Amino acid sequence: SQQGEEDPQALSIQEGENATMNCSYKTSINNLQWYRQNSGRGLVHLILIRSNEREKHSGRLRVTLDTSKKSSSLLITASRAADTASYFCATDARAGKSTFGDGTTLTVKP
Amino acid sequence: GAGVSQTPSNKVTEKGKYVELRCDPISGHTALYWYRQSLGQGPEFLIYFQGTGAADDSGLPNDRFFAVRPEGSVSTLKIQRTERGDSAVYLCASSRSLAGDNEQFFGPGTRLTVL
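Residue numbers (my numbering), protein chains in the order written: chain U, 1 to 110; chain A, 1 to 115.
Quick caveat, the hints were computed from the structure, so don't treat them as lab data. Treat the hints with care, as some may be off.
[As the list claims (entries may be wrong)] Dumping the calculated DMTMM-like pairs for lysine to aspartate or glutamate here, alpha-carbon to alpha-carbon at most 25 Å:
id, chain 1, residue 1, chain 2, residue 2
1, U, Lys-56, A, Glu-103
2, U, Lys-109, U, Asp-66
3, U, Lys-97, A, Asp-86
4, U, Lys-97, A, Glu-103
5, U, Lys-97, A, Glu-71
6, A, Lys-15, A, Glu-71
7, U, Lys-69, U, Glu-55
8, U, Lys-97, A, Glu-14
9, U, Lys-70, A, Glu-44
10, A, Lys-78, A, Asp-63
11, U, Lys-69, A, Asp-63
On a predicted model such as this, the values are computed, not experimentally measured, just so you know.
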């Protein structure tokens, strides 16, 4: 079974709104990463947050990490139609072995 | 520069056949990873290499699956006696090293269909 679980499984919003996705995991981690995947093919790395960090920003993306609750959130602000994709969190309990959740499918309507 | 490339992009085979899937990592990346992704699910770790050696092959589902990286660059994932349950997208990724904060760059994947 997968380490991480994303919530919600699917999210549909209007362009310009914010989108928040959550990820929960089970074991201690070194870092947590978020990826985007379009059309079921290659993944694109979005952001990495280390276990000793609580928040990180990259452009319109904001990631938080709460190691006490074993959870992370990804916020996409001012969403665009091009943000429509599946988003995955991946945890690294040890170097080299990333464990992915089953993703959140985001649809941004123009 | 070029990203991670995978060939073929699609492979259709019959149950029981042997297939090879190829991955060309980004030049200079010493770490290489294979994942399998079924429809509606996240990628599932199979194996990773540091250089020529398989550092962790604990994700390979059974002994029908094998992967090599003989010169520390290109890798081939080999599946013997394919089964219908092997149908999935096989993703390859590479990173500068195995260090935990190194970003993995993914290829477009090979969609394997076993009839």
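These are the hints, each one checked on the structure:
At most 25 Å may separate the alpha-carbon atoms for a hinted pair to count; U/Lys-56 and A/Glu-103 meet this at roughly 16 Å. For the proposed pair U/Lys-109 and U/Asp-66, the alpha carbon gap of about 30 Å is over 25 Å, so the pair is violated. Simply put, U/Lys-97 and A/Asp-86 have alpha-carbon atoms about 21 Å apart, close enough for the 25 Å limit, and the pair holds. With a C-alpha separation of about 12 Å, the suggested pairing of U/Lys-97 with A/Glu-103 holds against the 25 Å cut-off.
A threshold of 25 Å between alpha carbons decides the hint, and for U/Lys-97 with A/Glu-71 the separation of about 22 Å falls inside it, so the pair holds. About 31 Å separates the Cα atoms of A/Lys-15 and A/Glu-71, which puts this hinted pair outside 25 Å; it is violated. The hinted pair formed by U/Lys-69 and U/Glu-55 meets the criterion: a straight-line CA distance of about 14 Å does not exceed 25 Å. For the hint pairing U/Lys-97 with A/Glu-14, the CA-to-CA distance comes to about 31 Å; that exceeds 25 Å, so the pair is violated.
Pair hint U/Lys-70 plus A/Glu-44 holds up; C-alpha atoms about 20 Å apart against a cutoff of 25 Å. As the CA atoms of A/Lys-78 and A/Asp-63 are separated by approximately 10 Å, the hinted pair is consistent with the 25 Å bound. A threshold of 25 Å between alpha carbons decides the hint, and for U/Lys-69 with A/Asp-63 the separation of about 38 Å lies outside it, so the pair is violated.
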